[in-house]
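Chains as they are written, first to last, in our numbering: chain A, 1 to 104; chain B, 1 to 614.
Simulated from the structure, these hints should not be mistaken for lab results. Treat the hints with care, as some may be off.
Unchecked claim - Covered stretches of chain B (chain A as the covering partner; in silico rule of three or more C-beta atoms under 8 Å from a C-beta of chain A):
1. 301-310
2. 363-370
3. 440-452
4. 473-487
Stated by the list, open to error - Here are some of the chain A residues that sit facing chain B, going by a computed Cβ distance under 7 Å:
5. S51
6. I60
7. D62
Unchecked claim - Heads up, simulated EDC-like pairs for lysine to aspartate or glutamate below, C-alpha to C-alpha not over 16 Å straight-line:
8. B/K304 / A/E35
9. B/K181 / B/E332
10. A/K21 / A/E79
11. B/K570 / B/D41
12. B/K304 / A/D38
13. B/K510 / A/D24
14. B/K169 / B/E342
15. A/K46 / A/E70
16. A/K66 / A/E35
Ideal placement from N, C-alpha and C gives every residue a C-beta, glycine not left out.
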Amino acid sequence: MQTHNDTRRGEQCEPEKKTPKYIDKVNYYEGIITEVHDGSVALDIKGRLGSIRIPKRMIISDYELKVGQEVAFNMSFIEQLSASVNEHYIKKSSKTRSDNENNE
Amino acid sequence: MSISAEYAQEHINDPAVLCCRREAGTTLSHHDFEDPAIFDDLVSSGLLKLDGALTIGQAMGSTLTKTLDSLNAITKDCVDKVQEAKASAAATPAAPTASASVGNTTTVSGGKLKIHIGEGKGIDLEIPMGIAAGAGAAAPSGAAAGAVAGGAASSAAGGEKVVRTLTRKHFNITEVKRGDKTKIDGTTLYIRKGIEKEAVDTQELVHDLKLDIITKDNYHVYSETIMDTQPIATKEGDAELGTGVTRVLDNVVMMLTGTTDEGVQIGEFGSSEGYLDENVMWNRPSCPDHGDIIIRGTVKIENKKNMERPGPLAAHKAFDVITQEIRLALKELDEKYCVSTEEFKQVRRPGKKKVALVKEIMGQGAMHDNLILPVEPVGILGAHPNVDLCNVPVVCSPLEVLDGCIHALTCIGPASKEQSRHYWREPMVLEMLFDEEIDFAGVIFVGSPQINSEKFYVSRRVGMTCEAMDCDGAIVTTEGFGNNHVDFVSHIEQIGMRGIKVVGMSFCAKQGALVVGNKYVTAMVDNNKSEAGIENEILGNNTLCPEDAVRAILMLKAEMTGEAIKKPEKEWNPNVKSQNIELISSVTGKPVELVKNEKSLPMSEKYKKKYANA
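Chain A on its own, in the form it takes in the complex:
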């Protein structure tokens, strides 16, 4: 039985957000390609600074993409936008969704 859910979407439903302060301060980062798929590429940021998975069209490449190739990009730090949780995204997650359904 489908019950009415109170999630809603888009910017209009988001919790109040603060304006990020530091996003214009970009730094140079390098990374190593760790996975290449038909639709996506994964990379580790050098210096054990994390990893990123992006669709292929978000990477500009002169040559065929291969694991082990180095890449570079400018990035700022990631800032939290709000203290509250955006329920919309919580409920989008499959696991959380099935938990919800079991509780309904």
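Start from chain A and add chain B according to the hints.
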């Protein structure tokens, strides 16, 4: 840094600013001017003031009467004389996110060439013989009688030729049920119980397929990411796509959704899973219309195959088994249930400005792929993926496009992706098809490969195709943003460098600003509809709509008649679009209706309360 003589000519109407200190008595030449492309940044940071600045054209050749430092604008009181303004060289530098305004208008209708000039001086009018000849042409309705489908031409008054016609017969569906046999009984469509298993069995990678029928009352239902929305249509008899008769079911669409066995969305990254009524921008060309019955297939494919080419393709193939069975039932349906008939004519108008539409489709792999020219509208059989065709340009007739020649596997970015239904009712194709002032030569599909060298390879072919077609103008469209903008801009360059006028269309706004540019990227139409100018994960929100098509075609006509397009503003400003829309409405006398955006979708009770208290 000084600029070259040629560059100075291109920027003859831009402000004249000294690049270095110059002594009184210096006669100004291109060596003395700073590059106008950097002025926006300098002005916004307060380093440069352009109040009262002369243009490069007005300052060139004059003599400085006082000594000035670098980055000083040249005003009337610091030169001996102001040169007379010379005719403008129209080119402006590459646009970051551009939309642009059209000033004057030229229309050819009813046997008259009308030129409206709002204001101006030193205007040169050149009227090509083509336009003059075309102006006398009769309305295309006279050309219909002897039309022969499939390529034979019939001539008519004014040299117009109906190349081919396509008839769409509409059949209404009011209810979709499950039954023992797939059939259409009057306005009720029955889908055979157990067809899901047969569909799954055709594809090794597909492990499960669930079919739901979602009606308007039940749109608030959870859905996995939407991979495609497709019309249900079939050809009558042996007719090829783009000719003859096509039967289509109204008020019902096929919608493919899915995940892997472990629940990872197919088409990860900004996927549109969630409640349908909150995630779909209804009535976009690519989306279901509000009220449509949705036949939704939810597939589960093998783990880890969601980002590999065979995964999404297998999902589409399995789902098409069901659509194909409905197509066969539609072929059998009694003619008496046909509720309306539409006829599309592809008319060539020799003598008018010849225009091509270049549609860049994704070709990076996985779901960044499209099946071109299936046997049935938006089918699978007979079609070739553009990735396998190495993404080279494929020329289609406008009627092939409207008859479903593209089965889109649809890529990332739900808001800007063009699903299969988009091509079925492509606003740009429709706008150009019905425009009697142009000679619509055809639609060129070109894939967007991953690697830069391949991007330039295909864009050179696009340029050569347009050259061989002898086009006067072209409109280039793309979907979404990312590295596809590299070839998108290259297509514009390859077309522009051949002297063909070109207008680009893309989602840009705030998030999708162009990362590259060249001197031919002067006329751009932004497909953005979202309030914040971003990819907002609402299916179809930022796709090409009639309001974009009308701006693009008028911008192209303005360019082809030699008008300059105003430079875009430095930052994305949605007012540019509204001003252009107002201008178009006032000049054509026809209001341009704007589509709704995400603000029209339901807002939850919780947030309503929150907003009410705020």
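Quick rundown of the hints versus the structure:
{"no.": "1", "hint": "301-310", "in the structure": "holds (count 4)"}
{"no.": "2", "hint": "363-370", "in the structure": "holds (count 5)"}
{"no.": "3", "hint": "440-452", "in the structure": "holds (count 4)"}
{"no.": "4", "hint": "473-487", "in the structure": "holds (count 5)"}
{"no.": "5", "hint": "S51", "in the structure": "15 Å, violated"}
{"no.": "6", "hint": "I60", "in the structure": "5 Å, holds"}
{"no.": "7", "hint": "D62", "in the structure": "5 Å, holds"}
{"no.": "8", "hint": "B/K304 / A/E35", "in the structure": "12 Å, holds"}
{"no.": "9", "hint": "B/K181 / B/E332", "in the structure": "13 Å, holds"}
{"no.": "10", "hint": "A/K21 / A/E79", "in the structure": "8 Å, holds"}
{"no.": "11", "hint": "B/K570 / B/D41", "in the structure": "9 Å, holds"}
{"no.": "12", "hint": "B/K304 / A/D38", "in the structure": "11 Å, holds"}
{"no.": "13", "hint": "B/K510 / A/D24", "in the structure": "15 Å, holds"}
{"no.": "14", "hint": "B/K169 / B/E342", "in the structure": "7 Å, holds"}
{"no.": "15", "hint": "A/K46 / A/E70", "in the structure": "9 Å, holds"}
{"no.": "16", "hint": "A/K66 / A/E35", "in the structure": "8 Å, holds"}
Comparing the model with each earlier hint shows a violation of hint 5 alone; every other hint is respected.
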